[in-house]
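Student: Spelled out from the first residue to the last, the chains are:
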Amino acid sequence: MPDKIKFTVDGKECQAEAGLTIYEAAKANGIYIPVLCHFEGLKPVGSCRICSVRVNGRWMAACTQPVTPGMVIENSSPEVEEYRKAIIEMLFVEGNHFCPACEKSGNCELQALAYRYQIMVPQFPYLFPKKEIEAFPKFLLEHNRCVQCQRCIRAIQTPDGKKVFAMKNRSGRVRINVDRKLAARLSDEQAQKAMDICPVGAILKKEVGFRVPIGKRKYDRQPIGSDIEEKK
Amino acid sequence: MSRKLTIEPVTRVEGHGKVTIQLDDHGKVAQARFHVVEFRGFERFVQGRPYWEIPVLVQRLCGICPVSHHLAGAKAMDIIAGVAPEKLTPTAEKIRRLMHYGQMLQSHALHFFHLASPDLLFGFDADPAIRNIIGVAKSHREIAVKGVLLRKFGQEIIKATAGKKIHGTGAIPGGVNKSLTPEERDFFLKSPAPFNIDTMIDWAQEAIQLFKKLHAENKDVLDNFAHFPSNHLSLVRKDGALDFYHGVLRAVDAEGRKILNDVDYQDYLKYIGEEVRNYSYMKFPYLKKLGKEKGWYRVGPIARLNTCDFIPSPRAQKEFEEYKAYTGGKPNNMTLHSHWARLIEALHAAEVIKELLNDKDITGDNLVKKGKKKHEGVGLIEAPRGTLFHHYRINDDDQVTMANLIVSTTNNNQAYNEAVRLVAEEYISEKPEITEGMLNRVEVAIRAYDPCLSCATHALGQMPLEVELYDSKGRLLDRKRK
Numbered sequence: 011m012p013d014k015i016k017f018t019v020d021g022k023e024c025q026a027e028a029g030l031t032i033y034e035a036a037k038a039n040g041i042y043i044p045v046l047c048h049f050e051g052l053k054p055v056g057s058c059r060i061c062s063v064r065v066n067g068r069w070m071a072a073c074t075q076p077v078t079p080g081m082v083i084e085n086s087s088p089e090v091e092e093y094r095k096a097i098i099e100m101l102f103v104e105g106n107h108f109c110p111a112c113e114k115s116g117n118c119e120l121q122a123l124a125y126r127y128q129i130m131v132p133q134f135p136y137l138f139p140k141k142e143i144e145a146f147p148k149f150l151l152e153h154n155r156c157v158q159c160q161r162c163i164r165a166i167q168t169p170d171g172k173k174v175f176a177m178k179n180r181s182g183r184v185r186i187n188v189d190r191k192l193a194a195r196l197s198d199e200q201a202q203k204a205m206d207i208c209p210v211g212a213i214l215k216k217e218v219g220f221r222v223p224i225g226k227r228k229y230d231r232q233p234i235g236s237d238i239e240e241k242k
Numbered sequence: 100m101s102r103k104l105t106i107e108p109v110t111r112v113e114g115h116g117k118v119t120i121q122l123d124d125h126g127k128v129a130q131a132r133f134h135v136v137e138f139r140g141f142e143r144f145v146q147g148r149p150y151w152e153i154p155v156l157v158q159r160l161c162g163i164c165p166v167s168h169h170l171a172g173a174k175a176m177d178i179i180a181g182v183a184p185e186k187l188t189p190t191a192e193k194i195r196r197l198m199h200y201g202q203m204l205q206s207h208a209l210h211f212f213h214l215a216s217p218d219l220l221f222g223f224d225a226d227p228a229i230r231n232i233i234g235v236a237k238s239h240r241e242i243a244v245k246g247v248l249l250r251k252f253g254q255e256i257i258k259a260t261a262g263k264k265i266h267g268t269g270a271i272p273g274g275v276n277k278s279l280t281p282e283e284r285d286f287f288l289k290s291p292a293p294f295n296i297d298t299m300i301d302w303a304q305e306a307i308q309l310f311k312k313l314h315a316e317n318k319d320v321l322d323n324f325a326h327f328p329s330n331h332l333s334l335v336r337k338d339g340a341l342d343f344y345h346g347v348l349r350a351v352d353a354e355g356r357k358i359l360n361d362v363d364y365q366d367y368l369k370y371i372g373e374e375v376r377n378y379s380y381m382k383f384p385y386l387k388k389l390g391k392e393k394g395w396y397r398v399g400p401i402a403r404l405n406t407c408d409f410i411p412s413p414r415a416q417k418e419f420e421e422y423k424a425y426t427g428g429k430p431n432n433m434t435l436h437s438h439w440a441r442l443i444e445a446l447h448a449a450e451v452i453k454e455l456l457n458d459k460d461i462t463g464d465n466l467v468k469k470g471k472k473k474h475e476g477v478g479l480i481e482a483p484r485g486t487l488f489h490h491y492r493i494n495d496d497d498q499v500t501m502a503n504l505i506v507s508t509t510n511n512n513q514a515y516n517e518a519v520r521l522v523a524e525e526y527i528s529e530k531p532e533i534t535e536g537m538l539n540r541v542e543v544a545i546r547a548y549d550p551c552l553s554c555a556t557h558a559l560g561q562m563p564l565e566v567e568l569y570d571s572k573g574r575l576l577d578r579k580r581k
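Chain order of the listed sequences is A and B. First residue of the first sequence? That's 11 in my numbering, and the numbers climb one at a time after it. First residue of the second sequence? That's 100 in my numbering, and the numbers climb one at a time after it.
I should point out that these hints are in silico values taken from the structure, not numbers from a laboratory. Be aware that a few hints might be false.
Simulated restraints, written as ranges between beta carbons of each label pair [as the list claims (entries may be wrong)]:
id : chain 1 : residue 1 : chain 2 : residue 2 : range
1  : A       : Phe-108   : B       : Thr-534   : 44 to 52 Å
2  : A       : Asp-198   : B       : His-474   : 17 to 25 Å
3  : B       : Gly-162   : A       : Asn-179   : 38 to 46 Å
4  : B       : Ala-353   : A       : Asp-198   : 50 to 58 Å
5  : B       : Leu-368   : A       : Asp-198   : 32 to 40 Å
6  : A       : Glu-91    : B       : Asn-465   : 43 to 51 Å
7  : A       : Pro-110   : B       : Lys-127   : 47 to 55 Å
8  : A       : Lys-228   : B       : Lys-337   : 36 to 44 Å
9  : B       : Ala-292   : A       : Asp-198   : 44 to 52 Å
10 : A       : Lys-172   : B       : Asn-457   : 54 to 62 Å
Within a straight-line C-alpha distance of at most 25 Å, the following computed SDA-like cross-link-like pairs (lysine to any residue) qualify [stated by the list, open to error]:
id : chain 1 : residue 1 : chain 2 : residue 2
11 : A       : Lys-228   : B       : Asp-464
12 : A       : Lys-141   : A       : Cys-109
13 : B       : Lys-263   : A       : Gly-225
14 : B       : Lys-357   : B       : Glu-374
15 : B       : Lys-417   : B       : Met-501
16 : A       : Lys-216   : A       : Glu-142
17 : B       : Lys-468   : A       : Glu-217
18 : B       : Lys-263   : A       : Tyr-127
19 : A       : Lys-228   : B       : Arg-159
20 : A       : Lys-216   : B       : Arg-159
21 : A       : Lys-140   : B       : Arg-492
22 : B       : Lys-417   : B       : Lys-453
23 : A       : Lys-216   : B       : Arg-143
24 : B       : Lys-391   : B       : Lys-453
25 : A       : Lys-216   : B       : Met-501
26 : A       : Lys-216   : B       : Phe-144
27 : A       : Lys-140   : B       : Gly-147
28 : A       : Lys-95    : A       : Pro-169
29 : A       : Lys-216   : B       : Thr-188
Even for Gly, the Cβ is constructed at its ideal location relative to N, Cα and C.
Please construct the entire structure, taking both the sequences and the accompanying hints into account.
Tutor: What follows is the structure in structure tokens.
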């Protein structure tokens with residue numbers, strides 16, 4: 011057994027095995043660091059920055075940065091929390107997120123983060139961008155809600171290993187692009203997986219919306235992150 | 100000097116409307132109109148949305164009776180999902196009925212106790228400071244408490260079937276997403292008094308007695324106020340029974356002769372036309388058979404009790420027989436009798452809720468069916484305020500391409516105008532002074548139909564009542580606020 015690495019999170023002394031990211035090491039110690047683009051089992055890309063922490067005074071993405079001995083990590087200081095809140099608010103204003111009629115409501119990670127951070131009204135003006143819905147045989151791609159986390163790009167491949175989703179354009183015009191021919195080959199299970207892995211309601215498997223009643227959805231019972239914090 | 104009276108907004112109704120009354124040089128009413136001054140545009144912005152989202156999206160039209168839009172949308176989507184409304188699983192249909200009758204109970208209780216009872220208990224000329232639900236709570240505490248709890252009971256039924264009291268997700272294309280657990284069912288059947296269904300049935304019956312007592316004391320006003328002949332339209336069950344959830348379309352004239360004889364509502368466009376007029380955002384529907392001038396009709400409680408042959412629950416049927424006997428079996432055209440009709444319906448809703456709660460299917464687990472997809476569907480339901488039409492088309496990608504909604508309040512549009520004109524002519528014409536009580540009478544006439552203007556224009560908002568007086572050149576002479 012290699013020696014465990016010692017570090018602190020918000021002053022609490024923690025230990026973890028070497029080779030873990032800060033996110034994973036904190037989780038092993040019952041500490042929740044919010045993530046949106048990261049998904050367990052996929053290679054982290056650190057694109058959304060919601061997992062930002064301050065390490066020895068410097069900003070780092072907890073989902074990509076390996077934990078090292080002696081790290082002093084700030085996870086819940088007001089400054090870190092405000093920073094994350096601003097990112098969540100920016101995601102809301104740069105898309106068109108109308109939770110009331112969204113079938114992902116209750117299962118949506120962005121919505122759950124907004125509840126956790128008690129966001130009532132974003133501090134930034136809404137941009138109301140004009141975006142469209144694209145239809146594919148098994149699913150709809152609702153660009154109004156996409157946060158460009160790239161989970162679908164990393165997770166969904168055809169049986170022969172080809173990626174179905176990709177990024178297109180740059181900066182403010184960046185969007186998810188779908189290979190129509192490959193998308194037509196997706197099975198029901200893969201379409202369901204794409205919908206499940208999407209943190210928001212951007213990928214909608216056809217004809218299954220609202221099947222789970224209110225009260226039984228993922229975040230109806232407990233807030234996002236509380237499953238990790240319960241393991242303290 | 101001619102004058103124009105404006106009542107804006109009309110209070111104790113849902114949504115935002117105004118009334119204008121134009122007086123000529125002799126103070127005689129030259130024109131009286133009811134304007135709906137809000138605009139919403141749901142029919143446009145549902146375009147492009149996936150069809151299974153419609154029941155949840157369109158219910159946002161309204162916070163008072165969202166269940167109506169939820170279910171009308173779901174019924175249209177049943178057709179699109181290839182499942183005829185009669186072909187739903189027994190559990191799905193009964194859960195939807197329970198949700199809907201729960202809403203009927205809560206909405207009718209809200210209207211009678213919170214919105215209408217202040218006028219009936221205190222009189223049309225009473226001080227507006229007490230002529231409201233708080234005034235009722237102070238001087239008629241028992242009535243107010245019953246009103247609040249009847250409404251709460253209906254709301255709890257909605258929560259148990261749709262997941263939330265307002266804007267739930269229970270109905271999905273081809274069925275529902277939940278049924279009742281035995282615990283949920285027993286909560287309504289067996290909770291200690293007063294919060295159980297037996298008490299609610301008793302209270303609904305007491306509310307009818309209260310109306311009858313007020314009627315005996317004020318027969319002249321309640322019978323003659325805004326009494327006008329009209330056609331009446333509603334859904335009825337295939338055997339002619341009162342049914343709020345599903346059936347065929349029937350219309351009768353002021354004498355009770357059938358104009359539409361139990362037709363399939365999927366073909367509603369064959370029978371109903373809509374006219375646009377330049378002073379209101381609300382359209383004017385009419386029966387094509389009679390044309391724009393004569394084809395207008397009333398919907399809602401008064402129309403439903405005029406079109407149906409009987410009520411399929413014992414206590415409500417007994418009340419219905421007494422109600423029908425009052426007009427000798429002929430259609431009832433008395434505006435303020437809509438309160439009587441509404442309370443009979445509330446009693447019926449409570450009785451049906453009990454029947455459904457005692458049905459074993461209500462806790463079943465066969466919830467959804469699927470059939471061969473169609474590209475077009477019409478959903479019709481009797482909302483608390485009257486017949487509600489939802490009509491959609493979708494494309495091959497499952498996205499909505501067309502939506503047409505004719506809501507209950509829109510169906511009653513001409514009836515409001517007729518009622519406003521009659522009341523203005525009787526109470527305001529050629530009077531030396533315009534009092535608040537006179538203007539309230541105009542509102543009482545509108546209120547009797549329980550309009551929901553937010554729904555009808557597919558803003559929610561409340562502003563103080565404002566009355567403005569103009570001279571014939573349009574100059575503002577006086578403005579009063581309350």
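Student: Is the hinted pair Lys-140 (chain A) and Arg-492 (chain B) satisfied, with a Cα-Cα distance of at most 25 Å?
Tutor: holds, 23 Å
Student: Could you grab the alpha-carbon distance between Lys-228 (chain A) and Arg-159 (chain B) and see if it respects the 25 Å cut-off?
Tutor: With Cα atoms ~23 Å apart, Lys-228 (chain A) and Arg-159 (chain B) stay inside 25 Å; holds.
Student: For Lys-216 (chain A) and Arg-159 (chain B), compute the direct alpha-carbon distance and say whether it is at most 25 Å.
Tutor: holds, 22 Å
Student: Taking the Cβ atom of Phe-108 (chain A) and the Cβ atom of Thr-534 (chain B), is their distance within the range 44 to 52 Å?
Tutor: For Phe-108 (chain A) and Thr-534 (chain B) the Cβ distance comes to about 46 Å; the hint holds.
Student: Under the criterion that the straight-line Cα-Cα distance not exceed 25 Å, is the pair Lys-216 (chain A), Glu-142 (chain A) satisfied?
Tutor: The hint holds at about 17 Å.
Student: CB of Lys-228 (chain A) to CB of Lys-337 (chain B), is that within 36 to 44 Å?
Tutor: Hint holds: Cβ distance 43 Å, inside 36 to 44 Å.
Student: Sort out whether Thr-188 (chain B) lies within 25 Å of Lys-216 (chain A), counting only the CA atoms.
Tutor: Distance of about 22 Å is within 25 Å: holds.
Student: Taking only the CA atoms, is the gap from Lys-417 (chain B) to Lys-453 (chain B) under or equal to 25 Å?
Tutor: holds, 17 Å
Student: Taking 25 Å as the top limit, are the C-alpha atoms of Lys-263 (chain B) and Gly-225 (chain A) close enough?
Tutor: With a Cα-Cα distance of about 9 Å, the restraint between Lys-263 (chain B) and Gly-225 (chain A) holds, given a limit of 25 Å.
Student: Go ahead and decide if the range 54 to 62 Å is satisfied by the Cβ distance of Lys-172 (chain A) to Asn-457 (chain B).
Tutor: holds, 57 Å
Student: Tell me if the straight-line CA distance from Lys-263 (chain B) to Tyr-127 (chain A) falls inside 25 Å.
Tutor: Given pair Lys-263 (chain B), Tyr-127 (chain A) holds - Cα atoms ~23 Å apart, limit 25 Å.
Student: Between Lys-228 (chain A) and Asp-464 (chain B), is the straight-line Cα distance small enough, at 25 Å or below?
Tutor: holds, 21 Å
Of the hints listed earlier, those the structure fails to meet are numbers 15, 24 and 28, in rising order.
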